[in-house]
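Undergrad: Assemble the whole structure, with the sequences as input and the hints as a guide.
Protein chains in written order, with my numbering: chain A, 1 to 194; chain B, 1001 to 1083.
Hints were generated in silico from the structure; no laboratory data involved.
Do not take every clue at face value.
Derived, one-sided and incomplete: chain A residues facing chain B with beta-carbon distance under 8 angstroms [as the list claims (entries may be wrong)]:
| hint | residue |
| --- | --- |
| 1 | P53 |
| 2 | D56 |
| 3 | V57 |
| 4 | P59 |
Using 25 angstroms as the maximum straight-line C-alpha spacing, the simulated PhoX-like pairs for lysine-lysine come out as follows [unchecked claim]:
| hint | chain 1 | residue 1 | chain 2 | residue 2 |
| --- | --- | --- | --- | --- |
| 5 | A | K108 | A | K5 |
| 6 | A | K9 | A | K52 |
| 7 | B | K1022 | A | K5 |
| 8 | A | K108 | A | K52 |
| 9 | A | K85 | A | K74 |
| 10 | A | K85 | B | K1022 |
What follows is a set of in silico ranges between Cβ atoms, one per label pair, in the way DEER data are often shown [claimed, not checked]:
| hint | chain 1 | residue 1 | chain 2 | residue 2 | range |
| --- | --- | --- | --- | --- | --- |
| 11 | A | L76 | B | A1019 | 40 to 50 angstroms |
| 12 | A | P59 | B | G1026 | 12 to 22 angstroms |
| 13 | B | G1026 | A | T64 | 28 to 38 angstroms |
| 14 | A | S82 | B | F1028 | 39 to 49 angstroms |
| 15 | B | D1037 | A | S69 | 23 to 33 angstroms |
| 16 | B | G1026 | A | G46 | 21 to 31 angstroms |
| 17 | B | D1037 | A | R50 | 44 to 54 angstroms |
| 18 | A | E75 | B | A1019 | 35 to 45 angstroms |
| 19 | A | D63 | B | A1019 | 25 to 35 angstroms |
| 20 | A | T61 | B | G1026 | 23 to 33 angstroms |
| 21 | B | R1016 | A | E77 | 36 to 46 angstroms |
| 22 | B | R1016 | A | S136 | 45 to 55 angstroms |
| 23 | B | P1050 | A | G46 | 13 to 23 angstroms |
| 24 | B | D1040 | A | G87 | 43 to 53 angstroms |
Small disclaimer: the values here were computed from a predicted structure and weren't measured.
Backbone N, C-alpha and C fix where the C-beta goes; we use that ideal spot for every residue, glycine too.
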Amino acid sequence: METSKLPGKLPEVFDAFVGGEGDDEKEPLDPWTSLILVMMYEHLQGDASRWKPYLDVLPRTFDTPIFWSDAELKELEGTCLSVDKIGKQQSDEMLRSRVVPVVEQNSKIFYPEGTTELTSQELLDLAHRMGSTIMSYAFDLDNKDEESDNEEDGWVEDRDGITPLGMVPMADILNANAGFNVSHMPAQMHTSLS
Amino acid sequence: MSRQRVDEDFQGATDRFLAWFKAGGGVFRDDLLEIQDLRDKDAGRGISTPSGQATRKIVNTDSAQSQRKTYPRTPRCSPSPET
Chain A
1 METSKLPGKL PEVFDAFVGG EGDDEKEPLD PWTSLILVMM YEHLQGDASR
51 WKPYLDVLPR TFDTPIFWSD AELKELEGTC LSVDKIGKQQ SDEMLRSRVV
101 PVVEQNSKIF YPEGTTELTS QELLDLAHRM GSTIMSYAFD LDNKDEESDN
151 EEDGWVEDRD GITPLGMVPM ADILNANAGF NVSHMPAQMH TSLS
Chain B
1001 MSRQRVDEDF QGATDRFLAW FKAGGGVFRD DLLEIQDLRD KDAGRGISTP
1051 SGQATRKIVN TDSAQSQRKT YPRTPRCSPS PET
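TA: What follows is the structure in structure tokens.
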């Protein structure tokens, strides 16, 4: 989040305490939603994104149940993996209410000139894709060792006890091979998309 | 074992990613590591030693203790003790 231009362009969405516009609940974005938005933004920037070579090696499709069709899900009937547990409807609602509108209301920021805007459904699909990417690739940027209020470290404060999430290029590739495993890597500002 | 075709874009994307990573100040020891295509193991890309080279080198240079050193540990990062 700190290394993307998006929060600077949409301070009213990302800032913690905008306070009191009244409409909807204007609570700060959680790390999850923030990172989904940032990843969607960087994706939509295409070649203009400094993260493009990294985004290109991330998966484009997932075959996890959240992407299954209704017919495929029906085959799960009777197993312990219920539709409820997969939580598709719940995450659809979350993404529709908290992610998709942000893009649609700020299309000038999200879409570079000359690109076509995505439909709400396409945005929802993209949000799911980014959400799944985060779920399988992102790291907790745990800064509890940094007690001082060091603004330079590029990490946001631990708000509401929720650890900021970040994508760490290369470290996630180490995790692909079960023989090696990285549970934590020092993330420097210039090498993590968070 | 069915996947034998070469996916140029897959390799191209890996190469571009690696070049980008290095250009951004990342350190990647090509002599010790390579990014491999692990799609046949349903794992996308993974980092490993280049096709057994490093393994052989270490075994040859150190006879008695070589067994324990056969695999270089994950380089340049150490697992956090608390997780």
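Undergrad: Take the hints in turn and mark each one as holding or not.
TA: Each hint tested on the structure:
no.	hint	result
1	P53	holds, 4 angstroms
2	D56	holds, 5 angstroms
3	V57	holds, 5 angstroms
4	P59	holds, 6 angstroms
5	A/K108 to A/K5	holds, 14 angstroms
6	A/K9 to A/K52	holds, 19 angstroms
7	B/K1022 to A/K5	holds, 22 angstroms
8	A/K108 to A/K52	holds, 20 angstroms
9	A/K85 to A/K74	holds, 14 angstroms
10	A/K85 to B/K1022	violated, 41 angstroms
11	A/L76 to B/A1019: 40 to 50 angstroms	holds, 43 angstroms
12	A/P59 to B/G1026: 12 to 22 angstroms	holds, 21 angstroms
13	B/G1026 to A/T64: 28 to 38 angstroms	holds, 29 angstroms
14	A/S82 to B/F1028: 39 to 49 angstroms	holds, 44 angstroms
15	B/D1037 to A/S69: 23 to 33 angstroms	holds, 29 angstroms
16	B/G1026 to A/G46: 21 to 31 angstroms	holds, 22 angstroms
17	B/D1037 to A/R50: 44 to 54 angstroms	violated, 25 angstroms
18	A/E75 to B/A1019: 35 to 45 angstroms	holds, 43 angstroms
19	A/D63 to B/A1019: 25 to 35 angstroms	holds, 30 angstroms
20	A/T61 to B/G1026: 23 to 33 angstroms	holds, 27 angstroms
21	B/R1016 to A/E77: 36 to 46 angstroms	holds, 44 angstroms
22	B/R1016 to A/S136: 45 to 55 angstroms	violated, 21 angstroms
23	B/P1050 to A/G46: 13 to 23 angstroms	violated, 33 angstroms
24	B/D1040 to A/G87: 43 to 53 angstroms	violated, 31 angstroms
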